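Protein chains in written order, with the numbering used here: chain R, 1 to 391; chain A, 1 to 391; chain G, 1 to 391; chain Z, 1 to 391.
Please keep in mind that the hints were generated in silico from the structure rather than gathered at the bench.
Quick caveat: nothing in here was measured; it's all calculated off a predicted structure.
A portion of the hints provided could be inaccurate.
Since the list gives no way to pick one copy over another, a pair counts as held whenever it fits inside one copy or between any two copies.
[Claimed, not checked] Below, a list of computed lysine to any residue pairs in the SDA-like style, where the Cα atoms sit at most 25 Å apart:
1) Lys385 <-> Arg373
2) Lys281 <-> Pro298
3) Lys190 <-> Gly312
4) Lys385 <-> Ser254
5) Lys190 <-> Gly166
6) Lys132 <-> Gln361
7) Lys82 <-> Asp356
8) Lys385 <-> Thr123
Number of protein chains: 4
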Amino acid sequence: MTITASQDQRLNRRLRLGMVGGGRGAFIGAVHRIAARLDDRWELVAGALSSDPERARLSGEDLLLNPDRIYGSFEEMARREKEREDRIDGVAIVTPNHAHAPAARAFLEAGIHVICDKPLTTTRQEAEDLAKLARETGLVFAVTHNYTGYPLVRQARAMVQAGELGHIRLVQVEYAQDWLATRVEETGSKQAEWRTDPARSGPAGAVGDIGTHAFNLAEFIAADEVASLSAELHTFVEGRRLDDNAHMMLRFASGARGMLWCSQVASGLENGLRIRVYGEKAGLEWDQENPNSLLFSPLGEPPRIIRRNGYGANDVSRAASRIPGGHPEGYLEGFTQLYTDVAEQIAARLEGREPDSFSLQVPTVEQGVRGVRFIEAAVRSSEGKTAWVDV
Amino acid sequence: MTITASQDQRLNRRLRLGMVGGGRGAFIGAVHRIAARLDDRWELVAGALSSDPERARLSGEDLLLNPDRIYGSFEEMARREKEREDRIDGVAIVTPNHAHAPAARAFLEAGIHVICDKPLTTTRQEAEDLAKLARETGLVFAVTHNYTGYPLVRQARAMVQAGELGHIRLVQVEYAQDWLATRVEETGSKQAEWRTDPARSGPAGAVGDIGTHAFNLAEFIAADEVASLSAELHTFVEGRRLDDNAHMMLRFASGARGMLWCSQVASGLENGLRIRVYGEKAGLEWDQENPNSLLFSPLGEPPRIIRRNGYGANDVSRAASRIPGGHPEGYLEGFTQLYTDVAEQIAARLEGREPDSFSLQVPTVEQGVRGVRFIEAAVRSSEGKTAWVDV
Amino acid sequence: MTITASQDQRLNRRLRLGMVGGGRGAFIGAVHRIAARLDDRWELVAGALSSDPERARLSGEDLLLNPDRIYGSFEEMARREKEREDRIDGVAIVTPNHAHAPAARAFLEAGIHVICDKPLTTTRQEAEDLAKLARETGLVFAVTHNYTGYPLVRQARAMVQAGELGHIRLVQVEYAQDWLATRVEETGSKQAEWRTDPARSGPAGAVGDIGTHAFNLAEFIAADEVASLSAELHTFVEGRRLDDNAHMMLRFASGARGMLWCSQVASGLENGLRIRVYGEKAGLEWDQENPNSLLFSPLGEPPRIIRRNGYGANDVSRAASRIPGGHPEGYLEGFTQLYTDVAEQIAARLEGREPDSFSLQVPTVEQGVRGVRFIEAAVRSSEGKTAWVDV
Amino acid sequence: MTITASQDQRLNRRLRLGMVGGGRGAFIGAVHRIAARLDDRWELVAGALSSDPERARLSGEDLLLNPDRIYGSFEEMARREKEREDRIDGVAIVTPNHAHAPAARAFLEAGIHVICDKPLTTTRQEAEDLAKLARETGLVFAVTHNYTGYPLVRQARAMVQAGELGHIRLVQVEYAQDWLATRVEETGSKQAEWRTDPARSGPAGAVGDIGTHAFNLAEFIAADEVASLSAELHTFVEGRRLDDNAHMMLRFASGARGMLWCSQVASGLENGLRIRVYGEKAGLEWDQENPNSLLFSPLGEPPRIIRRNGYGANDVSRAASRIPGGHPEGYLEGFTQLYTDVAEQIAARLEGREPDSFSLQVPTVEQGVRGVRFIEAAVRSSEGKTAWVDV
């Protein structure tokens with residue numbers, strides 16, 4: 001275990017966060033909330049959590065927001081927060097795509113920093129107008145192309161920028177899933193419904209939902225821009241109104257060439273975001289389903305496995321790591337589970353009810369005793385010519 | 001993307017947490033704090049964060065604790081918290097091993113639930129006394145054998161318990177690292193110092209530090225107890241006073257046989273905790289460095305790859321998952337990084353200073369625009385017989 | 001070890017083989033010769049092994065051919081073999097691409113079965129004329145798209161044909177190498193020279209050399225034909241006259257879509273031939289660098305790892321296997337190495353010289369004794385309560 | 001593709017081989033025959049292929065041996081071959097274990113070099129007597145611990161010997177299968193019968209059959225000897241008379257420590273032979289089921305993947321390679337399959353029968369034409385702004 005400085009963020013100023021969208025039934029809103037509190041730099045204090053005012057209210061109560069700061073619409077929220085002394089420092093916009101632009105505009109105009117889900121908008125004009133406004137206000141405006149937050153993605157970009165791959169020739173990127181391989185949108189899945197509805201998703205399906213992630217990742221790591229592309233969008237599932245698969249050939253500004261594949265019908269693939277970059281001097285591979293490794297292949301040498309926060313990790317990726325190498329990032333969730341299980345057990349007692357049965361798996365003091373007996377037995381056996389010793 | 005219910009814990013009662021140990025320079029304390037807040041069920045409100053009172057005070061200030069509740073010793077903390085109306089619901093004990101028992105005892109006697117790091121104590125007598133006390137008080141007492149919090153570890157245990165492997169014959173477990181392959185304890189590493197010091201670690205080195213994790217995992221997944229063992233502890237690094245490698249043969253109560261290897265000198269292994277269990281009907285493999293997959297091999301059939309929260313995941317593991325299958329758990333940290341970077345940028349403005357340069361990697365509205373232009377270009381190309389279109 | 005019927009081919013009739021090309025300095029000729037003798041169904045008896053008569057003669061002598069049957073040209077060989085009572089049953093044509101067609105034609109006209117390396121010819125007209133001639137003669141005419149000889153490739157095709165994937169939607173195929181990432185053709189590599197020379201390779205470089213393998217594999221496994229394609233060929237290495245990279249989008253006759261990537265400049269990839277096929281009901285993945293596994297992912301179930309000749313292997317793949325599952329096919333070469341080393345040692349004695357030093361690694365009777373002592377020690381220790389026993 | 005010198009062995013003297021055992025129903029005999037001919041340095045000319053004279057005769061006829069040289073017993077074969085002018089240069093002994101020693105002795109006494117299957121004998125005394133005799137005769141005596149023939153196994157040993165790992169501390173070796181997880185020996189499997197019969201296998205089951213391979217591999221790669229061991233042999237399948245699982249702790253002469261696990265009841269493992277060696281400076285891992293890669297992990301650097309005959313391969317391993325890196329060794333079998341299929345098709349014609357249907361999968365001239373059309377279409381599309389072109 002290489003012990004590194006942890007990112008214990010209480011040392012730093014904490015900020016106030018508002019949220020638009022992300023109420024009951026939403027997926028990504030909860031992810032944004034976890035992301036906001038994991039490093040302890042944000043506290044959620046206000047929300048317009050649904051376009052339906054009643055749902056917005058209930059969702060706000062779920063999250064224990066001050067009733068004062070549970071809003072029925074983003075317009076109201078922007079207007080009233082602007083007037084508060086303790087107004088939110090930033091707002092997270094996690095609505096379906098079509099609502100990003102008006103909400104973002106409202107908060108920019110209120111002087112509030114914006115964190116917006118991707119894709120930014122559903123039309124190019126809207127996007128460019130919004131970017132112009134953001135530039136004019138000078139406010140921070142982040143788009144959650146979240147894959148750029150992975151330590152080894154940042155390492156990859158830094159290696160490209162440092163010339164470790166030489167001039168880049170090829171970028172192969174893909175993002176393939178299978179969750180829309182059948183007509184899920186007709187089974188009541190809220191997620192599938194809006195993602196296959198042109199009115200809410202814009203002109204593209206898979207391309208907008210996940211192709212943009214692949215595209216962003218390609219430009220981010222290659223540290224280059226796609227100059228032009230040739231694309232074939234295709235809809236495999238009958239009756240679906242947007243593409244569920246796309247193939248593209250890419251030409252980068254620098255002269256590099258690439259391919260991009262995105263799919264929601266690739267049977268057997270859960271969330272296969274993967275990128276490979278080849279330069280004159282070396283190649284790189286990264287796969288989101290195994291994000292703690294980066295394969296680096298200098299031409300003429302054995303490929304090297306760079307591990308997050310491990311040997312070969314650079315400053316850029318270390319700065320984005322919380323735990324030592326070898327502990328995959330799920331380590332934190334595993335650890336969290338114990339705390340949550342204990343909380344459930346204690347809360348159940350306080351509330352005079354049975355705890356959720358899943359919470360009972362947490363190791364107890366009896367397992368602690370087993371551990372100590374194990375150590376003692378091991379030492380005793382080893383001292384006694386490895387004799388068999390009872391535990 | 002299979003959309004599953006997120007664990008958005010604000011819905012639930014939040015509890016008050018105290019901490020013993022984990023101040024400046026500690027590693028595991030910060031991990032405990034992240035774990036406590038990730039699901040938003042705990043708030044850290046009190047601490048005796050170091051055995052050195054001055055360090056305890058500074059560490060408490062770092063964490064923005066109310067000065068009232070920054071204590072110079074765990075004894076003081078237990079005594080005074082007990083008297084408060086809003087006293088802590090639980091305490092996390094994250095000191096070096098030798099201090100676990102007295103601290104745990106103090107809080108149990110104060111009627112406060114305990115979360116204690118492993119190994120529970122440094123002697124068997126102490127451990128059994130503590131367990132007896134815990135049983136008598138009836139309080140929750142959890143030991144952070146954190147690997148049992150991984151969804152697929154719980155799934156594995158449930159599969160064994162359900163008889164999916166048949167009668168268990170073999171358990172092969174190992175936990176091998178390389179961070180003590182050289183004499184690190186003489187280079188100023190606080191982590192290495194106490195772990196190689198019998199006074200603070202107890203009678204075992206690698207066995208106590210990581211062997212206990214392997215042992216716990218073996219008993220947890222096999223749903224069985226080790227009845228006896230034959231062990232050889234060995235110290236490879238000259239001058240070290242505790243074992244840095246151990247080999248063991250195990251006999252389980254059920255008649256199963258096993259081997260256990262733990263090492264801190266296995267050059268090239270970062271944190272190789274891995275377990276394999278073979279029964280009459282099937283085998284299982286799980287590797288902590290790739291925790292989102294569980295290999296299940298029914299005798300006479302092709303092995304199957306069960307993914308966390310994916311196809312084949314059972315209720316037990318789903319209950320411990322926060323995000324859809326295919327998103328490895330590092331997904332949350334990646335997402336978090338963006339929020340933290342934005343917080344840094346905003347905080348820097350509020351404080352009139354330059355933001356940390358690493359925080360500037362967060363995607364901006366300009367990347368958002370690129371994404372929208374990408375979608376539009378893709379649609380346009382596809383409509384135009386896949387003609388090349390500028391992005 | 002699942003014991004299966006071995007393919008011990010001496011039971012079967014052996015045939016006489018001739019070869020065109022494949023003399024000194026050639027690569028693929030030697031591979032063809034090993035392939036011909038491994039199953040013991042062919043004996044090489046004649047050759048026109050180079051277009052240079054002197055080189056042809058020397059190469060024939062190397063291979064211990066009867067001087068009578070060492071020919072200076074394929075024309076002579078075809079003419080004279082035709083007249084022999086014991087004429088060759090088949091001829092292997094392993095010349096550079098441009099010479100395939102005239103040689104094949106000559107042997108077809110002599111009534112001799114043909115095994116021809118790929119690509120068949122350098123122009124479409126030549127290819128179609130040759131196919132017409134082959135059909136007219138009714139002779140066997142095989143093209144060594146050798147990847148179709150892998151057991152699991154055949155299994156994959158059979159699974160597609162049996163409908164186990166449902167209607168095929170997507171075929172992603174790639175063949176990427178890095179051996180031409182620099183200007184190797186100017187360093188004296190005979191292999192690189194002709195492959196980058198339009199006069200000998202035809203109109204395409206990477207596309208002809210390896211793209212054709214990928215294309216063949218895609219059509220073979222998908223059991224479908226590519227109806228049309230959109231391609232971008234590119235030359236990255238300055239001064240090279242043929243493409244060293246190509247990106248393509250594919251449309252299959254059945255309506256499936258696909259992508260094909262072939263490259264000789266992908267730094268770090270040795271011989272990355274890989275195919276993935278996704279149907280309505282399941283997906284398949286196969287990677288030539290790990291050819292003993294086939295990943296089969298039925299929609300909604302955990303992916304399964306089918307191993308060559310192992311659990312889940314079907315009749316088609318078993319028929320093409322020589323050894324039990326779990327023994328990767330390199331097993332035979334490993335075994336061979338011992339025989340070859342022993343031959344070298346014995347030959348050296350017969351010839352009164354020192355054996356090649358590499359041959360001395362073969363285990364001797366002393367290692368055999370060690371093995372027996374190991375068994376005895378193991379039994380003795382186990383009988384004696386696992387006491388330590390000297391070996 | 002890194003083009004390397006092929007091992008085209010016709011250049012070298014060919015030797016005459018005899019075989020004892022390996023007749024109808026045997027497994028390993030056929031493997032020995034393939035191994036003998038793959039490099040074309042041996043020709044099988046004589047055999048005592050079964051201890052049953054009638055079976056020996058039929059087996060010899062199967063292999064097209066000269067009736068003169070089909071013998072009813074190894075004694076007869078040794079006696080008569082000794083007298084021939086063209087007597088065998090070497091004999092391969094591939095009988096069950098108990099017959100190795102008398103056969104080997106007979107041929108040594110006849111002045112014939114010996115290749116003997118492992119384990120050498122069933123008792124230590126027999127083994128040492130045999131070794132003494134071999135030393136006295138000065139004849140070549142090889143034991144087919146075939147895993148030492150893998151190129152990367154030899155590379156690993158050479159790296160250890162060259163000090164690239166520093167002083168060796170740990171050797172973890174395992175060989176685990178599942179084919180005896182049930183009582184197969186009662187289902188008519190000849191292989192299982194003799195392997196579980198003490199009279200034919202000697203005092204050990206799994207330990208003798210596969211434990212010896214693991215042991216040999218450990219000593220070979222570590223370039224060291226096991227000084228002592230502590231073992232627990234176990235029989236899991238009721239009624240079986242020999243061990244089907246064993247756990248051992250090892251102490252090497254140099255002071256290194258190790259563990260050895262061999263099993264025939266590890267459900268889901270086909271042929272899991274795997275070794276890991278850790279020294280003061282670096283670690284190594286090799287897995288027989290993926291034999292073309294060797295993981296090399298220098299302490300403090302990213303692990304490197306050394307590929308057979310690829311980047312990082314040393315002279316020792318190159319000398320044992322037949323094909324370029326990236327072509328896994330199964331490449332030769334895949335190639336062979338095509339030749340065998342064509343032979344089958346031609347033979348069927350010559351014999352006026354239908355060919356085996358499996359042989360019809362070989363690519364024909366029509367696939368060859370498809371390949372050429374593919375190239376042409378690709379070039380045409382690329383020249384025409386990547387327009388879609390029919391294939």
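Practice task
Measure nothing new, just compare the shortest in-copy and cross-copy C-alpha distances for lysine 82 and aspartate 356 to 25 Å and report within, between, both or neither.
Solution key: neither (42 Å within a copy, 27 Å between copies)
Handout entry: Intra/inter-copy verdict for lysine 385 and threonine 123 if alpha-carbon distance must be at most 25 Å
Key = between (75 Å within a copy, 21 Å between copies)
Exercise for the section: Please work out whether the CA atoms of lysine 385 and arginine 373 approach to 25 Å or closer within one copy, between two copies, in both situations, or in neither? Expected result: Classified as both; 19 Å inside a copy, 22 Å across copies.
Practice task
If the cutoff is 25 Å on CA atoms, where do lysine 190 and glycine 166 land: within, between, both or neither? Let me know, please.
Solution key: neither (46 Å within a copy, 27 Å between copies)
Exercise for the section: Have a look at lysine 132 and glutamine 361 and pick one of within, between, both or neither, based on CA distance no larger than 25 Å. Expected result: The answer is between: 20 Å across copies meets 25 Å, while 53 Å in one copy does not.
Exercise for the section: Have a look at lysine 385 and serine 254 and pick one of within, between, both or neither, based on CA distance no larger than 25 Å. Expected result: between (67 Å within a copy, 19 Å between copies)
Handout entry: Homo-oligomer pair classification [glycine 312, lysine 190; C-alpha up to 25 Å]
Key = between (43 Å within a copy, 23 Å between copies)
Exercise for the section: With 25 Å as the alpha-carbon cut-off, assign the pair lysine 281 and proline 298 to within, between, both or neither. Expected result: Classified as both; 6 Å inside a copy, 23 Å across copies.
Violation of the numbered hints given earlier is confined to hints 5 and 7; the remaining hints are satisfied by the structure.
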